[in-house]
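> One-letter residues, chain by chain:
There are 2 protein chains.
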Amino acid sequence: MKGSNLGEFEELVMLAIGVLYPDAYGVAIKDEIIARAGRSVTLSAVHASLHRLEEKGFLQSEFGEASQKRGGKRKKNFYITAFGAKTLEEVKSLREQMWGDIGKVALQGN
Amino acid sequence: MKGSNLGEFEELVMLAIGVLYPDAYGVAIKDEIIARAGRSVTLSAVHASLHRLEEKGFLQSEFGEASQKRGGKRKKNFYITAFGAKTLEEVKSLREQMWGDIGKVALQGN
DNA sequence: ACATAAAATTCTACTTTGTAGATAAAACAC
DNA sequence: GTGTTTTATCTACAAAGTAGAATTTTATGT
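Listed in order, the protein sequences are those of chains A and B. Counting from 1 along the first sequence, just add 1 to a position and that's the residue number in our numbering. Counting from 1 along the second sequence, just add 1 to a position and that's the residue number in our numbering.
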């Protein structure tokens, strides 16, 4: 009974899009996540995620103009929808509340 | 090449354990998440997650004492390990940084 | 124009997480 | 013992995460 939830990586992708706005496309998103999270990410992982996020209505996309660079396909730029922003803020708020209710001792495990 | 990452639901479970410390066991965790996130959660979903989190070293567990004049199996109480706490704080910090770099406009999509 | 290289997206296949429902175990009351 | 309550475990499948290969589109050199 789900498909309305935001996976861990999906959330990272959304945040990267927010940071890169309005120039968020596959490669840039991949590089942004690698730089920020310091973890290896493949382009196909990002694209699979982007596709699912768009299907769920969290994102929207449009092809950009042909660039002045060496060659290559047109970039597909992604934007966060109002629904996506709302969802993103909800999970943020939930975590903040929970963190606020966590005592120091709870994190001192061995 | 992974098994060292924290899934979306897994993170929620960890936070709930932090909040409930030192009385975090299956049922209580399930109820805490339902109350906080307002989403339906089954006990088996929580236990599957707990099991995986323990395997990954994020959690530790021990069976509680019996005889609280109650009935039922002994509770299995979960605690966050130092490694788990570190991981939890890392993802928190990463998201905070990204949120800090997101412009207002980026979230005003249609 | 044609061949080649570059930049990007899409496809295919597999692993790990997420989810639900059914089953089993342990403690209590009688 | 039998039955009831509370909890954990098992089985099976769907969704999200991941990697590598293949494909498409655009630009440049000749």
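None of these hints come from the bench; they were simulated from the model. All figures in this text were calculated on a predicted structure; none of them were measured in a lab. Heads up, a few of these hints could be off.
Note: identical chains are not told apart, hence a pair may lie in one copy or across any two.
Unchecked claim - The calculated EDC-like cross-link candidates involving lysine to aspartate or glutamate, where the alpha carbons are at most 20 Å apart (straight line), are:
| # | residue 1 | residue 2 |
| --- | --- | --- |
| 1 | Lys87 | Glu97 |
| 2 | Lys93 | Glu9 |
| 3 | Lys77 | Glu97 |
| 4 | Lys105 | Glu91 |
> Within a copy, between copies, both or neither: which one fits lysine 93 and glutamate 9 at a CA-CA cutoff of 20 Å?
both (12 Å within a copy, 12 Å between copies)
> If the cutoff is 20 Å on CA atoms, where do lysine 87 and glutamate 97 land: within, between, both or neither? Let me know, please.
This pair counts as both: shortest intra-copy Cα distance 15 Å, inter-copy 17 Å.
> At most 20 Å between alpha carbons: which applies to lysine 105 and glutamate 91, within, between, both or neither?
between (24 Å within a copy, 16 Å between copies)
> One pair to classify: lysine 77 and glutamate 97, alpha carbons no more than 20 Å apart. Within, between, both, or neither?
neither (33 Å within a copy, 27 Å between copies)
Violated hints amount to a single one, hint 3; each of the other numbered hints is respected by the structure.
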